Every structure is written in structure tokens, then in C-alpha cells.
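Residue numbering for the sequence shown follows our numbering, beginning at 102 and increasing consecutively.
Treat each hint with caution, since some may be false.
Stated by the list, open to error - Distance ranges between label pairs, derived from CB positions:
| # | residue 1 | residue 2 | range |
| --- | --- | --- | --- |
| 1 | Ala413 | Val231 | 30 to 40 Å |
| 2 | Val231 | Phe171 | 47 to 57 Å |
| 3 | Lys165 | Leu218 | 49 to 59 Å |
| 4 | Val231 | Leu357 | 18 to 28 Å |
These aren't lab readings, by the way, just hints derived from the structure by calculation.
As the structure is a computational prediction, the values presented were derived from the model and not from experiment.
Glycine residues also receive a C-beta, built at the ideal position from the N, C-alpha and C atoms.
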Amino acid sequence: MQEDDGTQKTERTSSRVPDVVYRVADRLGIGALEGTALRIWVLTRVTIFVFAYDVAWMTQPKSKYGPHSFTMLWERWDWLRYQGIAAHGYTGSARHGSSIAFFPGYPILLRAVQTVLRSYTVSGLAISFVAGAIATVALTRIIVLEAESAFGRDAEGLEKTRTAVREGTLLWLFAPAAFFLAAGYTEAPFLALALPAWLYARRGRWLASGLLLAGASAIRINGVFEFLAIAVLFLVQTRPRTLREWLRGTPLLISLAPVVAFFGFLYWLTGHWNAWHDAEVQGWNRHLTDPVHSLVNTWKYAFGGRVLPANAAWEYQLEMIAMAVGVALLVWLLRKRRWAEATFVGLSVVSLGTSHNYLSVPREMLLWWPLWAILGVWTVRRPWIRTVYLCVSTPLLFTVAYLFLMGEWAG
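Given these sequences and hints, build the entire structure.
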């Protein structure tokens, strides 16, 4: 059994697995730890799709004798925007905030895959499946770094690292909003680029990091958050003094090119430099609000009686829990002086916590890789955390999935 960059090569533990699988895994750098995480990824996808299949059959009226269309169950909310952009491009007159609030990276990818699979919905699910697998491998390696720092690299530390990888991946995939890693949304594609970008930055490979981060920035504005986090990491790791040392980090600026290009395109389309922000305000009431009023507004939506229907009010209760987790994570990272990770999480928490109300925070939690790495390590030291977490989070996950599949607001 060999090691490469802190991860183990695939172990030939079963003669039933064709040797070509091991050769491909070795070529891709997928070792035993990543293999464990990938199995969890695949099994949890089976769980999600079985649940969706059940919903398709069980939610029909008694007068109906066939299921809902399985693919149509996934065509909800933001997905319709992505599909519309992929099929027809941008328009400045679209309803509900207009489609220009969505970055072009994912629709471009969706259009490309659709030319092969001939179905936008199937293409979206396929993209999320493959991108999620890539993100799972990258998250595994991040958890390995966290666990090796906590437990060392001796035999006992290796066993604890294996446990941390298994638990951290499992908790991530059973997060309340983890359903969106399976749906045709941007979380999985973003993470498939953002997490490797972080790993390359940890190794000081700034050009590779910048190129990957450019892809992530073309998909979500969070790419800018990670650019700033990696810029902090660059300062902490290299402590540049001379011009030559500073220039080593310039490839990271590549990551901003898609954002600049998209905002320039929106100016051409609308004649306004703040068109993206205006679309966010128009569609989702996302405008700068002091954090106290943001909390109060969310509380009214969550517990305001007749302000919102019960199913929508429940979602805002979940938003408040997710924001509390984000604030706690940020405080912990700052106390540990993990400045780069605190920058990424902090920008996310502040941007969502200073809007009119909390919105899509549980989905944002999926992007906070320090949270899942830390929880993976903590569950090794305190196994009861895993039990409590899964008992609470699993019903939340399937409630969110049910709301989405039924066309109700799910964050």
C-alpha cells in the first residue's frame, strides 16, 4: 500500500473487481480513502433517486393510476432559469428578478451536455452526479489534511483519518440541503472546481488554482469569495516581500476574468453596471440591510403567524438554524486564526446575513468545506456527534427534498 500526497493508493482488496478499475483509479489518483467517500456518494444518490421515485408514485390523487413524470419532478424553481438560459440565452425582460441574476457557467455546461444526452433535465442530473463525485474526492483530501493535522500520520492516526473521511463525507451528504447536490443546481459543479482550486492553492500551485477558480467564478459569485480567501492564503503562506514574490500570485487574478466579462456583458445588455445587483433586488429582495433587521425580518417570516403559509415559514426556520451554524463556524475559525477559511465563510455569512432576510443559507452551508472537515475530525473524538447530527439532519433533508419535488419553496 503506497501513499501519494497524503492519500493512499487503491488497495487490491477484492479479486471480484477488475484490475482495470484499479489502474484507472491509480491513474486518477483515487486511493482507498477517496474510494470510500465515492461509495458513500453513489449510495446516497441511490437514496435520493429512490425517494424521488416514491414521491412520483405516492403523491398522485387516488383517481390517478400512473406516477408523475420523474423528470418533471426535478424541473423546479432556479432550474427553470438555468434551462431557459441554456436554451435561449439571456433576456432583460424575464420575470422574477430576470435571468441575468444567474451566472453563465452552468447554463453553458448544461447546453453542451444536452447536445449529447438530448434532454436538459437528464443533463442537469448527470452533471450534478459527475461533478458531485469530483467534489467528493476533493472534499476527502481536504478532510485528510484536517485529520492528519489533528491525529498525525502514524498507524493510529491513519485509522482515525479514515474514520474522519467517512464521517465528514457522510455528514456533508446528509446536510439539510444536500438534496441540491443531486438536483440540476450549481452547488455540485461549483464545488467540483472550487475545492480542487483550494487544494492546489494549499500546495502553492497558483496557476492551476487560478484556472480552476475561474471556472468556479463563472458559475457562482462565491468564486469571488474564494478568490479573496485564496489571496489571504497566498499572503499567509508566502509572506511576499519582493516584487518577484508578489508576482507569483498574479495567476490568481485569472479567476476574476469571468466575473468581469459577465458584468461587462450585462452592461451591454441593459446599459447599467449594477444590473446584476438590481436583478437580485427585484427577484429576491436581496438588498443591504443591517443584520438586526435581517434577523427580525426572517423571524417574522418564520414565526409570524399569518405572514407566510406554514410550509414556507418552516423553511425560514431552517434558514435561521443554518445562519447560526455559519456564525458559530466563523467565530471558531477566527479563534483558531484560520484567516483564509474565515474569509470565505465570513463573506458568505455576512452577505447572506445583511440581506432583507436570510435566503438559501442551508444551500450555502454545502459550500463551507471547513465545516465538514472539522465535523469529520470531531466525530472521531466524540462519536455521539454523528448520531445526534444524523437524527436531526436526515428528516430535514427529506423534508427539503419533498418540498422541492412537489414544487414548493425549498430554499
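Hint check results:
{"no.": "1", "hint": "Ala413 to Val231: 30 to 40 Å", "result": "holds, 33 Å"}
{"no.": "2", "hint": "Val231 to Phe171: 47 to 57 Å", "result": "violated, 19 Å"}
{"no.": "3", "hint": "Lys165 to Leu218: 49 to 59 Å", "result": "violated, 29 Å"}
{"no.": "4", "hint": "Val231 to Leu357: 18 to 28 Å", "result": "holds, 26 Å"}
Taken one by one, the earlier hints fail for this structure at numbers 2, 3, listed in ascending order.
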